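Number of protein chains: 2
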Amino acid sequence: MRGICSDRVRPRQRILDTARNLFRKYGIKGIGVEAIAEAAETNKMTLYRHFGSKDELIAECLREAANRACDIWCDLEAQNPGDALAQVKGWVRIGAERVLSEGRGCDLANAAVELPDGDHPAKRVIQEFKVEQRNRLADLCRRAGLQNPDLVSDTLSLLLEGARVNRQSVGPDGPCAQFVAAAEAVIAASQRRPETLIADDRAR
Amino acid sequence: MRGICSDRVRPRQRILDTARNLFRKYGIKGIGVEAIAEAAETNKMTLYRHFGSKDELIAECLREAANRACDIWCDLEAQNPGDALAQVKGWVRIGAERVLSEGRGCDLANAAVELPDGDHPAKRVIQEFKVEQRNRLADLCRRAGLQNPDLVSDTLSLLLEGARVNRQSVGPDGPCAQFVAAAEAVIAASQRRPETLIADDRAR
DNA sequence: GATGGAAGTTACCGATCGGTAACATCCTCG
DNA sequence: CGAGGATGTTACCGATCGGTAACTTCCATC
Chain U
-8 MRGICSDRVR
2 PRQRILDTAR
12 NLFRKYGIKG
22 IGVEAIAEAA
32 ETNKMTLYRH
42 FGSKDELIAE
52 CLREAANRAC
62 DIWCDLEAQN
72 PGDALAQVKG
82 WVRIGAERVL
92 SEGRGCDLAN
102 AAVELPDGDH
112 PAKRVIQEFK
122 VEQRNRLADL
132 CRRAGLQNPD
142 LVSDTLSLLL
152 EGARVNRQSV
162 GPDGPCAQFV
172 AAAEAVIAAS
182 QRRPETLIAD
192 DRAR
Chain B
-8 MRGICSDRVR
2 PRQRILDTAR
12 NLFRKYGIKG
22 IGVEAIAEAA
32 ETNKMTLYRH
42 FGSKDELIAE
52 CLREAANRAC
62 DIWCDLEAQN
72 PGDALAQVKG
82 WVRIGAERVL
92 SEGRGCDLAN
102 AAVELPDGDH
112 PAKRVIQEFK
122 VEQRNRLADL
132 CRRAGLQNPD
142 LVSDTLSLLL
152 EGARVNRQSV
162 GPDGPCAQFV
172 AAAEAVIAAS
182 QRRPETLIAD
192 DRAR
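Keeping their order, the protein sequence lines are chains U and B. Following my numbering, the numbering of the first sequence begins with -8 at its first residue and continues without gaps. Following my numbering, the numbering of the second sequence begins with -8 at its first residue and continues without gaps.
Honestly, the hints are just simulated from the structure, not real lab data. All clues given are correct.
Below, a sample of chain U positions facing chain B; criterion: calculated Cβ distance under 10 angstroms:
id	residue
1	19
2	104
3	105
4	121
5	125
6	142
7	143
8	144
9	146
10	166
11	174
12	177
Keep in mind the model is a prediction, meaning the values are calculated, not measured. Note that beta-carbon positions come from the ideal geometry of N, C-alpha and C, so glycine has one too.
Take these sequences, add in the hints, and give me the full structure.
Next up, the structure:
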């Protein structure tokens, strides 16, 4: 009588997927473990047997979200093999799609806002994820031959992070609508002489 | 036996100040009304007589935070009377100070992350605040004679919003450390020919 | 000094929270 | 088939949540 496919997914994975969705929808503190277990078509005991605590479930969800986000780097390389500049532009495009389509920002950044407690097991996951993303983008900008690659990559990071969080406050017609234009301007400027990106008004 | 000064502040204001601090420290959903009342050296009944519900207290706190944030526009004008460009740069400087010193982002943006519920009374406060900030900065950029003032102001907004939220994930040494450099580069670029900001590689 | 409103106190409500014990059932694999 | 581990079920725990009732005390004002 069981479903052909969906119920063949083990409870652990069902819980993870369901929890990620509900955390996004209601916020981490806005949904309880019992509701998560029921939505995952299982029960609280099974949830606790797999994850031990709500905090660990949160951390595991974020680990999965981080791994999923890391896949985009493979996709970028696969779609633009060897062309680092195209990959940077692809990063902007993918980011823009997320900003426009999702409505809720980065799971890990949102979790950092909701969990100011410094001892929470999720904090380490968040920190490591963000550091890795930063390094990867910086490396990409370097390989793309952009001027001031570290500054450009951090600028792009801030623009995307700002767009995703700002959309949650203002909606899709706010400043986030300019994310692509802003990012492209930054990239374009850094393809010229370095002085163009740094304040420097001396005559040619 | 009462304190000379601090206890002369009415309970309503004590509650608002305390709630703002505790919301910042523990998150909106991470602190209860009873704890807020006690920290404000009063009690739950008085809190509810003044605000009616926790949700309304949240909204009122954000209203106050928004009003306080609006004071910076007066300060900018007072410190740089008539010099719109200097005010834009002052906006960057003040934003950088907040990023570096506060450690926790914009109260209103954080609240938007913690309260995905669209019917929450705080949502309207957040939206109106962010829209007003956007309009004011855009107006400032226009008066400063910058090229593409709307694009520049939204870019600056995204950079600041990104810096404040990213700091909560990565800490002060992450991409947010480049906020000033990024913002100044954007401003500098928009002081030149418009083509400098928009992708345009034609020869001179 | 009397009065009225603001504030404090205590106790309580139902609901929900995260988390656990004990036991029944299922499914897989040897 | 049999056995053992994974899963389901039910009931329960203490704590805390947001919110309220009833009553007392304070304090400024007239």
